[in-house]
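Work the whole structure out from these sequences, hints included.
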Amino acid sequence: MSVPLHGIIAEYETPEELLRAAKRAREAGYTHMDAYSPFPVHGLAEAIGFEDHKVPWVTFFAGVIGAIAGFALQYYISVVDYPLNVGGRPFLSWPAFIPVTFETTVLFAAFGAFIGMLALNGLPQPYHPVFNAPRFERASQDRFFLCIEASDPLFDRANTRHFLEGTGARMVSEVEE
Amino acid sequence: MQEVAQRETGALIEGKHTYESITHKIASVAMGYRHPIAWYIVTAIAAAGVFMLITAIAWLLLRGVGIWGINQPVGWGFAIINFVWWIGIGHAGTLISAILLLLRQQWRTSINRFAEAMTIFAVMCAGMFPLLHVGRPWVAYWLLPIPNWTGAWPQFRSPLIWDVFAVTTYFTVSLLFWFTGLIPDFATLRDRAKKRISQIIYGVLAMGWRNSAKHWHRYESAYLLLAGLSTPLVVSVHSIVSLDFAVSLLPGWHTTIFPPYFVAGAIYSGFAMVLTLVIPIRAWYKMQDVLTMKHLDWMAKIMLATGLIVFYGYIMEIFTALYSGHSMETFLVKNRFFGPYAPFFWALLVCNGLIPQVLWSPKVRQNVALLFVISLIVNVGMWLERFVIVVTSLHRDFLPSSWGMYYPTIWDVMLYAGTIGFFTFMMFLFVRFVPMISIFEMRDLLHQTDRHRQAPAGAPATPVATTEVSS
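Those protein sequences? They're chains E and B, same order as listed. Using the numbering used here, the first residue of the first sequence is number 2, and each one after it goes up by one. Using the numbering used here, the first residue of the second sequence is number 49, and each one after it goes up by one.
The set of hints was computed from the structure by calculation and includes no laboratory data. We put the beta carbon where it would ideally sit given N, CA and C, even for glycine. It is possible that some hints are incorrect.
[As the list claims (entries may be wrong)] What the simulated footprint calls covered on chain E by chain B, stretch by stretch (three residues with Cβ under 8 Å from a Cβ of chain B suffice, anywhere in the stretch; the number is not a length):
| # | region |
| --- | --- |
| 1 | 5–12 |
| 2 | 24–30 |
| 3 | 33–46 |
| 4 | 71–83 |
| 5 | 103–114 |
| 6 | 118–129 |
| 7 | 156–169 |
[Claimed, not checked] So, partial list: chain B residues that the calculated Cβ filter (under 8 Å) puts toward chain E:
| # | residue |
| --- | --- |
| 8 | Gly63 |
| 9 | Trp197 |
| 10 | Trp201 |
| 11 | Phe213 |
| 12 | Pro232 |
| 13 | Asn259 |
| 14 | Ser269 |
| 15 | Ala270 |
| 16 | Leu273 |
| 17 | Leu281 |
| 18 | Ser284 |
| 19 | Phe367 |
| 20 | Phe488 |
This is the structure we're talking about:
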């Protein structure tokens with residue numbers, strides 16, 4: 002009892018089993034849990050009661066910043082700091098600035114999607130207790146896991162274990178913090 | 049309807065595969081695999097090509113661009129031909145990974161990783177040429193809007209500077225997209241690795257990815273967004289490359305058809321290069337059950353379709369020139385048909401227009417050896433196309449007194465061949481150290497196709513399992 006628990010983890014063989022178990026856990030009132038699967042399983046995030054639409058927004062605002070920055074850069078250079086008369090065209094010849102503005106928009110938005118996804122996921126993360134779970138290396142290969150975390154208000158070492166054993170799990174084990 | 053879907057998706061993974069077997073098949077190539085002897089031979093030859101590239105660049109830096117064949121009327125020569133050729137090759141990678149993802153084409157799964165790697169290395173090769181062509185690559189940073197001691201800034205009304213932004217953005221976004229796709233696979237390799245060094249390297253690259261459903265949720269959203277961003281990007285890049293030509297006033301360059309025609313040509317050459325690379329690697333690494341005939345067949349079909357668009361472009365170029373009644377435009381067509389570079393023009397029509405028409409026959413598309421030969425011919429044809437565009441317009445323009453001829457030197461050839469060596473070298477290193485097929489997407493595909501097989505006849509397909517596969 003000296004090592005605190007991160008949670009109790011159950012292993013399943015198919016994504017369907019995992020989905021069913023996750024739904025049952027939700028119905029049983031558990032809220033703090035996470036599922037692990039070797040590929041994205043549709044509906045799994047919803048099944049564990051998780052929803053997050055921040056990535057598209059981060060991407061969108063990064064794109065907006067990119068567009069403004071790209072256009073402002075060209076405006077500053079071509080109109081303010083280094084006005085150059087090219088064939089008598091106006092200094093603010095904005096149609097010619099569109100391609101670069103487009104490219105900076107895409108560049109910033111792509112960084113927004115990439116960094117936003119990693120940051121919201123808390124990656125890079127050198128250590129996470131779930132890696133202590135036995136056979137957890139299979140989560141990136143061919144097995145499906147559901148972990149009910151110790152922080153859950155309903156979490157009880159014996160009861161939760163019993164509950165998970167009743168969901169068709171191949172193996173249930175405790176995960177140390 | 050469902051039966052059709054079953055048959056078609058079934059053909060994307062052949063043989064009996066489980067999550068474990070498919071993971072093992074792909075991941076084992078990157079770790080502790082006995083590589084075929086062909087891998088060593090090709091990599092050794094390609095490494096020799098890399099040394100040739102280094103030699104060609106070193107001599108160029110010592111002596112300047114005078115060692116090349118470029119001269120006064122033809123200032124662009126091999127450097128720009130090869131730049132456009134390589135950039136074009138890169139485009140199929142983005143098309144396969146991004147556009148086919150948005151269109152829910154599941155067959156992309158087996159080839160997207162490979163094609164994205166191809167994009168990255170092709171853009172690296174492409175980028176070398178304009179940098180070296182500027183003559184003094186050590187001041188190439190003048191192309192970027194960096195405050196410097198000259199007090200001068202780039203001129204944003206020029207397509208050449210748009211090109212700098214387009215190509216650097218393209219490279220960066222392709223790299224991000226590729227790396228994002230690799231994170232879960234690096235986690236797989238980390239978890240399978242036996243050696244300490246592999247565990248550390250793949251562990252660092254996987255960044256602590258733990259396959260959590262919450263992570264997947266955000267991951268899929270980011271992946272889709274990156275695909276959505278790459279799609280207009282890829283169209284913009286080759287359009288901007290074509291504007292390098294189209295914005296000038298030279299006959300043969302100054303046409304509005306250039307952007308779409310360049311984009312189609314880019315995809316055409318890119319698919320040809322994917323086939324050129326995939327066909328031998330598929331055989332050497334025995335990947336026939338995940339890179340099936342279906343994949344080759346569909347790639348050949350896309351090649352045929354884009355080839356026809358390109359061929360239409362050729363015809364329209366000639367038509368527009370003649371229809372314009374402009375003496376310089378008419379002269380250009382005559383010069384292409386019968387001038388000193390006429391053999392290149394006719395060879396281009398044969399390589400890009402005539403020979404690929406055999407792909408209409410399903411028998412040809414099922415013949416791997418023939419497909420390989422055709423893909424090589426298309427690669428050559430697309431190079432000839434860029435040669436004809438760059439050289440014929442430049443060497444005889446408005447004033448006969450300023451006409452000239454362009455002959456590449458040995459240094460041009462060495463630099464070009466050197467980039468091919470570099471590209472091959474990088475591709476083979478990629479095959480050696482990185483899963484060449486996206487493992488997690490293959491597991492997903494396996495899951496979806498299995499659902500189809502298990503679904504009882506007549507039962508309505510579940511929403512998840514609707515696999516829209518259209519040929």
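So, going through the hints one by one against the coordinates:
1. Here the region 5–12 of chain E counts 0 residues with a CB under 8 Å from a CB of chain B, which misses the bar of 3, and the coverage is violated.
2. Coverage of a stretch by a chain is defined here by at least three residues with a beta carbon nearer than 8 Å to that chain's beta carbons; for the region 24–30 of chain E and chain B the count is 0, and the condition is violated.
3. Look at the region 33–46 of chain E against chain B: 12 of its residues bring a Cβ nearer than 8 Å to a Cβ of that chain, three or more, so the hint holds.
4. For the region 71–83 of chain E, the proposed coverage by chain B is satisfied: 6 residues have a C-beta within less than 8 Å of a C-beta in that chain, meeting the threshold of three.
5. Check result for the region 103–114 of chain E against chain B: holds, 9 residues qualifying (beta carbon to beta carbon below 8 Å, three or more required).
6. For the region 118–129 of chain E, the stated coverage by chain B holds: 10 residues have a C-beta nearer than 8 Å to a C-beta of that chain, and at least 3 were required.
7. Residue count for the region 156–169 of chain E with a Cβ under 8 Å from a Cβ of chain B: 0. That is fewer than the three needed, and the coverage hint is violated.
8. With its C-beta approaching chain E no nearer than about 17 Å, B:Gly63 sits outside the 8 Å limit, and its interface hint is violated.
9. Given the 8 Å rule on beta carbons, the hint for B:Trp197 is violated: about 14 Å separates it from the nearest Cβ of chain E.
10. At a threshold of 8 Å, the smallest CB-CB gap from B:Trp201 to chain E is about 4 Å, leaving the interface hint in force.
11. Taken as an interface hint, B:Phe213 checks out: its beta carbon lies about 4 Å from the nearest beta carbon of chain E, inside 8 Å.
12. Nearest Cβ of chain E to the Cβ of B:Pro232: about 7 Å, under the 8 Å cut. The hint holds.
13. Hint status for B:Asn259 relative to chain E: holds, with the closest Cβ pair at about 5 Å, below 8 Å.
14. Below 8 Å, beta-carbon pairs count as interface contacts, and B:Ser269 has one with chain E at about 5 Å; its hint therefore holds.
15. The closest approach between the C-beta of B:Ala270 and any C-beta of chain E is roughly 4 Å, which is under the 8 Å cut-off, so the hint is satisfied.
16. The interface hint given for B:Leu273 holds, since its Cβ lies 4 Å from the closest Cβ of chain E, which is under the 8 Å cut-off.
17. At about 5 Å, the closest approach between the beta carbon of B:Leu281 and any beta carbon in chain E falls short of 8 Å, and the interface hint on this residue holds.
18. Hint status for B:Ser284 relative to chain E: holds, with the closest Cβ pair at about 6 Å, below 8 Å.
19. Because the smallest distance between the Cβ of B:Phe367 and any Cβ of chain E comes to about 28 Å, over 8 Å, the interface hint for this residue is violated.
20. At about 5 Å, the closest approach between the beta carbon of B:Phe488 and any beta carbon in chain E falls short of 8 Å, and the interface hint on this residue holds.
The earlier numbered hints that this structure contradicts are 1, 2, 7, 8, 9, 19.
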